[in-house]
Amino acid sequence: MNAWHALFMNLPFEWAQYDFMHNALLAVLLVSPLLALLGCLVINNQMAFFSEAMGHSALTGLALGALLGIADPTATIVGFAVVLAVAMVLMRRYSAVPPDTSIALVMAFVVALGVVLLSRGGGFARYSRYLIGDILTITPGELGTLAVVSGGVAVMWVFLFNAFFFVSLNRSLAASRGFPAGVLEAVFSVLVAVVVSVSIPWVGLLVINSMLILPAATSRNLARNTRWYVLGAVGVSLLSGVLGLICSYYWNTATGATIVLWACGFFAVSLAVRKR
Amino acid sequence: MLERLRLHMHCGELTALIGPNGAGKTTLLRAMVGELPHTGTLRFIHHGNVETTTPLRIGYVPQKLELDRTSPTTVMDLFSGALSRWPLWAGTRREVIREAQAKLELVGAESLLNRRISEISVGQLQRVLLALALAPVPELLLLDEPVAALDQGGMERFYQTVSQMRTEYDLSILLVSHDLTAAAQFADRMILLNRTVLCDGAPREVLLNPLIRQTFGFGFTGEEIDGRRPLFKQLEHEQCALPVGKAL
Numbered sequence: 001m002n003a004w005h006a007l008f009m010n011l012p013f014e015w016a017q018y019d020f021m022h023n024a025l026l027a028v029l030l031v032s033p034l035l036a037l038l039g040c041l042v043i044n045n046q047m048a049f050f051s052e053a054m055g056h057s058a059l060t061g062l063a064l065g066a067l068l069g070i071a072d073p074t075a076t077i078v079g080f081a082v083v084l085a086v087a088m089v090l091m092r093r094y095s096a097v098p099p100d101t102s103i104a105l106v107m108a109f110v111v112a113l114g115v116v117l118l119s120r121g122g123g124f125a126r127y128s129r130y131l132i133g134d135i136l137t138i139t140p141g142e143l144g145t146l147a148v149v150s151g152g153v154a155v156m157w158v159f160l161f162n163a164f165f166f167v168s169l170n171r172s173l174a175a176s177r178g179f180p181a182g183v184l185e186a187v188f189s190v191l192v193a194v195v196v197s198v199s200i201p202w203v204g205l206l207v208i209n210s211m212l213i214l215p216a217a218t219s220r221n222l223a224r225n226t227r228w229y230v231l232g233a234v235g236v237s238l239l240s241g242v243l244g245l246i247c248s249y250y251w252n253t254a255t256g257a258t259i260v261l262w263a264c265g266f267f268a269v270s271l272a273v274r275k276r
Numbered sequence: 001m002l003e004r005l006r007l008h009m010h011c012g013e014l015t016a017l018i019g020p021n022g023a024g025k026t027t028l029l030r031a032m033v034g035e036l037p038h039t040g041t042l043r044f045i046h047h048g049n050v051e052t053t054t055p056l057r058i059g060y061v062p063q064k065l066e067l068d069r070t071s072p073t074t075v076m077d078l079f080s081g082a083l084s085r086w087p088l089w090a091g092t093r094r095e096v097i098r099e100a101q102a103k104l105e106l107v108g109a110e111s112l113l114n115r116r117i118s119e120i121s122v123g124q125l126q127r128v129l130l131a132l133a134l135a136p137v138p139e140l141l142l143l144d145e146p147v148a149a150l151d152q153g154g155m156e157r158f159y160q161t162v163s164q165m166r167t168e169y170d171l172s173i174l175l176v177s178h179d180l181t182a183a184a185q186f187a188d189r190m191i192l193l194n195r196t197v198l199c200d201g202a203p204r205e206v207l208l209n210p211l212i213r214q215t216f217g218f219g220f221t222g223e224e225i226d227g228r229r230p231l232f233k234q235l236e237h238e239q240c241a242l243p244v245g246k247a248l
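Residue numbers (our numbering), protein chains in the order written: chain A, 1 to 276; chain B, 1 to 248.
One chain only, chain A, in its complex shape (with noise of 0.2 Å):
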């Protein structure tokens, strides 16, 4: 971490004299790439609103580690978003109901129930953090997790990355190419839902599915082939990350919103350019 601050000491700006400006940016190069590359596979597979539903689920994830009086209510946001995916999967596979139907009446179901949870005794106002989120009080034991966490996705994610196209692409030509589409299936949707959930307490429940999504959309409206999707939606969630950064500590407001306010700047300009 030292010699992470240490490469700020001659930069000649005024945000980064800051230990937690320091931080705050290691944790923004930790999560948008890692939700970028999620995001590629995410608008592939078409599970957009299969995520949001994921992010939605942290305020019963929330409410049950405060009911179960746990400081740091992470484990329990990644645990039930993780059982959530997994039951999710398993509705869509064996229920009559239109995938968006019923990920539509989850989420409502998830919201009301953490919200109701949350708010008895009137004591919801404290939450307010997870709905914006907050970067700027990221710890450096809490990089070291967050480090963790997004090292072990990347790895599974590259593996598998083959895997999860195939699958995207017809479930009968992945079987037949030895990727197990229903397998598959539930691990990807458990990935999204671990990054979503580890990602939320910094950038907030309200704009996460956008980091998600945007990136990728832009990129997707430019690349001429997969690897350029790929590489231009992590370029583009860097770069935007980076700069929403830098600009919410000059206009003083909550980073993920800004984040997402420039990287769909950068969608508006993605389409003007296919436009034309």
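Mixed in with the good hints, there may be bad ones.
[Claimed, not checked] Cβ-Cβ distance ranges computed for the label pairs, FRET-style:
no.	chain 1	residue 1	chain 2	residue 2	range
1	A	LEU7	B	LYS64	47 to 53 Å
2	A	PRO99	B	GLU168	51 to 57 Å
3	A	MET91	B	THR167	45 to 51 Å
[Unchecked claim] Computed, partial: chain B to chain A, Cβ under 7 Å:
no.	residue
4	ARG30
5	GLY34
6	GLY81
7	ALA82
8	PRO87
9	LEU88
10	GLU105
11	LEU150
12	PHE218
Source of the hints: derived by calculation from the structure; they are not laboratory data. Ideal Cβ positions, reconstructed from N, Cα and C, are used throughout, including at glycine.
With chain A held as given, fit chain B onto it using these hints.
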């Protein structure tokens, strides 16, 4: 869903699988590639009567891919994803590119290598998917209504290519088809499926079987078939005319 099936397929033989909607044709294919659970066994008899139950290489040609119009997926992406363990966006080895080019040339689609799938025609996509199924060359090739969206000319070209592959690689091919006469023209054998095997034999005999009329509500006469398609082959063993519902 499907029960009491017993099918034999031989190398170098193109078997057409026909049947009404909901007969279980696609289900059978999905079970064979291992996507759907089943209680049946697949047995593979190799040269010298060596028998194994380990899956042989199966090539599968789907009807379509789940892609939207904005998808950046290229033809090359399909091959890199299938032939390499390395994630396909991280770059492609030269052997993989060469293999993709070689297989595309076989089906006359070499110019499509770097095209996006969302911008090529349905017929071109079917050729690409056939080339993909041939990389590496499978022992069993499964085609799921590959020509459903093609026009007459495209369909005939596609079937001719498939026929050629059969002789060139000594492939065993199972083809699901809705177009009975076209399938009959290129198939060595035809199987009428409706939850179970109703009829199995040379295409001409199967099409002339009364079960065809019972199943589809229309039939063929010998003159009709011969007049339109003079290319039928005769099988030595006639296995047709099994009564409905009888276990095979």
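Comparing the hints with the structure gives:
1. A:LEU7 - B:LYS64: 47 to 53 Å: Holds - the Cβ-Cβ distance for A:LEU7 and B:LYS64, about 51 Å, lies within 47 to 53 Å.
2. A:PRO99 - B:GLU168: 51 to 57 Å: violated, 43 Å
3. A:MET91 - B:THR167: 45 to 51 Å: holds, 48 Å
4. ARG30: This interface hint holds because 5 Å falls under the 7 Å limit.
5. GLY34: holds, 5 Å
6. GLY81: Holds: closest Cβ of chain A sits about 4 Å from B:GLY81, inside 7 Å.
7. ALA82: Holds. Min distance 6 Å.
8. PRO87: At 4 Å from the nearest chain A Cβ, B:PRO87 passes the 7 Å test, so the hint holds.
9. LEU88: holds, 6 Å
10. GLU105: Violated: closest Cβ of chain A sits about 20 Å from B:GLU105, beyond 7 Å.
11. LEU150: violated, 18 Å
12. PHE218: violated, 30 Å
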